[in-house]
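**Q** Letter by letter, the chains look like this.
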Amino acid sequence: GQNIDQPTEMTATEGAIVQINCTYQTSGFNGLFWYQQHAGEAPTFLSYNVLDGLEEKGRFSSFLSRSKGYSYLLLKELQMKDSASYLCAVRDGHYKLSFGAGTTVTVRA
Amino acid sequence: GAVVSQHPSWVICKSGTSVKIECRSLDFQATTMFWYRQFPKQSLMLMATSNEGSKATYEQGVEKDKFLINHASLTLSTLTVTSAHPEDSSFYICSAMTGGLESSPLHFGNGTRLTVT
Numbered sequence: 676g677q678n679i680d681q682p683t684e685m686t687a688t689e690g691a692i693v694q695i696n697c698t699y700q701t702s703g704f705n706g707l708f709w710y711q712q713h714a715g716e717a718p719t720f721l722s723y724n725v726l727d728g729l730e731e732k733g734r735f736s737s738f739l740s741r742s743k744g745y746s747y748l749l750l751k752e753l754q755m756k757d758s759a760s761y762l763c764a765v766r767d768g769h770y771k772l773s774f775g776a777g778t779t780v781t782v783r784a
Numbered sequence: 008g009a010v011v012s013q014h015p016s017w018v019i020c021k022s023g024t025s026v027k028i029e030c031r032s033l034d035f036q037a038t039t040m041f042w043y044r045q046f047p048k049q050s051l052m053l054m055a056t057s058n059e060g061s062k063a064t065y066e067q068g069v070e071k072d073k074f075l076i077n078h079a080s081l082t083l084s085t086l087t088v089t090s091a092h093p094e095d096s097s098f099y100i101c102s103a104m105t106g107g108l109e110s111s112p113l114h115f116g117n118g119t120r121l122t123v124t
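Just so you know, the protein sequences line up as chains A and B, in that order.
So my numbering is basically just the index in the first sequence, starting at one, shifted up by 675.
So my numbering is basically just the index in the second sequence, starting at one, shifted up by 7.
In short, the hints are calculated from the structure, not lab data.
All C-beta atoms in this analysis are idealised placements derived from N, C-alpha and C, irrespective of residue type, glycine included.
Check before you lean on any hint, since a few could be wrong.
[Stated by the list, open to error] Just the calculated beta-carbon pair ranges, DEER-fashion:
1) B:Ser-25 - A:Gly-715: 21 to 31 Å
2) A:Glu-731 - B:Leu-81: 46 to 56 Å
3) B:Lys-21 - A:Lys-743: 24 to 34 Å
4) A:Ser-702 - B:Phe-46: 38 to 48 Å
5) A:Lys-756 - B:Phe-46: 19 to 29 Å
6) A:Ala-691 - B:Thr-122: 35 to 45 Å
7) B:Leu-81 - A:Glu-752: 38 to 48 Å
8) A:Ala-784 - B:Thr-89: 46 to 56 Å
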């Protein structure tokens with residue numbers, strides 16, 4: 676089975692940077708995904724890592740260390756619209772995608 | 008980008024009735040679709056994997072006779088909640104992959120909020 680851990684909540688100020696950590700233990704590994712989910716809506720895809728290192732996409736970056744079972748999502752220049760839940764998801768050796776409980780990020784003015 | 012359409016967006020039904028939820032891939036073919044359920048303030052829990060032309064694979068603890076899945080074509084999968092009860096009230100979300108498995112993210116439908124009274 677999967678064990679995916681991420682903090683429950685984080686709060687940051689508009690314009691600041693926030694880093695959301697995710698640790699995982701899985702049976703096999705075929706990639707780690709980050710999704711953003713606003714309340715009452717479906718998740719939207721943010722980033723994908725399968726090799727170690729940093730992937731940058733505009734204001735969002737995601738890092739992966741497979742040996743440590745660790746990833747983080749970095750959100751820069753925070754905007755009010757970034758207030759949402761951020762889900763770390765890991766695809767296992769059978770290509771099944773399992774989600775962490777999500778981190779609720781609140782951006783304050 | 009890949010679009011997954013889910014219908015209806017919300018539904019209210021009486022206890023004991025059945026509800027069908029449709030999931031369509033609009034601009035790509037999806038041999039595999041996934042059904043998730045999400046309770047308030049909790050994460051998405053995979054219910055089953057829907058494979059075109061074959062039986063769905065259910066996760067442990069999910070009753071296959073209660074949650075009927077049909078994936079009759081490469082663009083449509085349906086989930087029928089049979090004999091619904093209030094505890095089935097939840098947010099149901101379908102998803103599909105485009106292209107090959109290695110790097111394809113899941114694209115999600117907009118979800119269906121089911122309320123059983």
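**Q** For each hint, tell me whether it holds in the structure or not.
**A** Verification of the supplied hints:
For the pair B:Ser-25 and A:Gly-715, the supplied restraint of 21 to 31 Å holds, since their beta-carbon distance comes to about 24 Å. The hinted range of 46 to 56 Å is not satisfied by A:Glu-731 and B:Leu-81, whose Cβ atoms lie roughly 34 Å apart. Evaluation of the 24 to 34 Å hint for B:Lys-21 and A:Lys-743 yields a failure: the beta carbon distance comes to about 51 Å. Restraint check, A:Ser-702 to B:Phe-46: a C-beta distance of roughly 25 Å breaks the suggested window 38 to 48 Å.
A:Lys-756 and B:Phe-46 have their C-beta atoms about 25 Å apart, which keeps the hinted 19 to 29 Å range intact. Under the hint 35 to 45 Å, the C-beta atoms of A:Ala-691 and B:Thr-122, about 38 Å apart, fit the expected range. Taking the beta carbon of each, B:Leu-81 and A:Glu-752 are about 41 Å apart, inside 38 to 48 Å as hinted. At roughly 48 Å, the beta-carbon separation of A:Ala-784 and B:Thr-89 lies within the given 46 to 56 Å, and the hint holds.
Violated hints, in rising order: 2, 3 and 4; the structure is consistent with all others.
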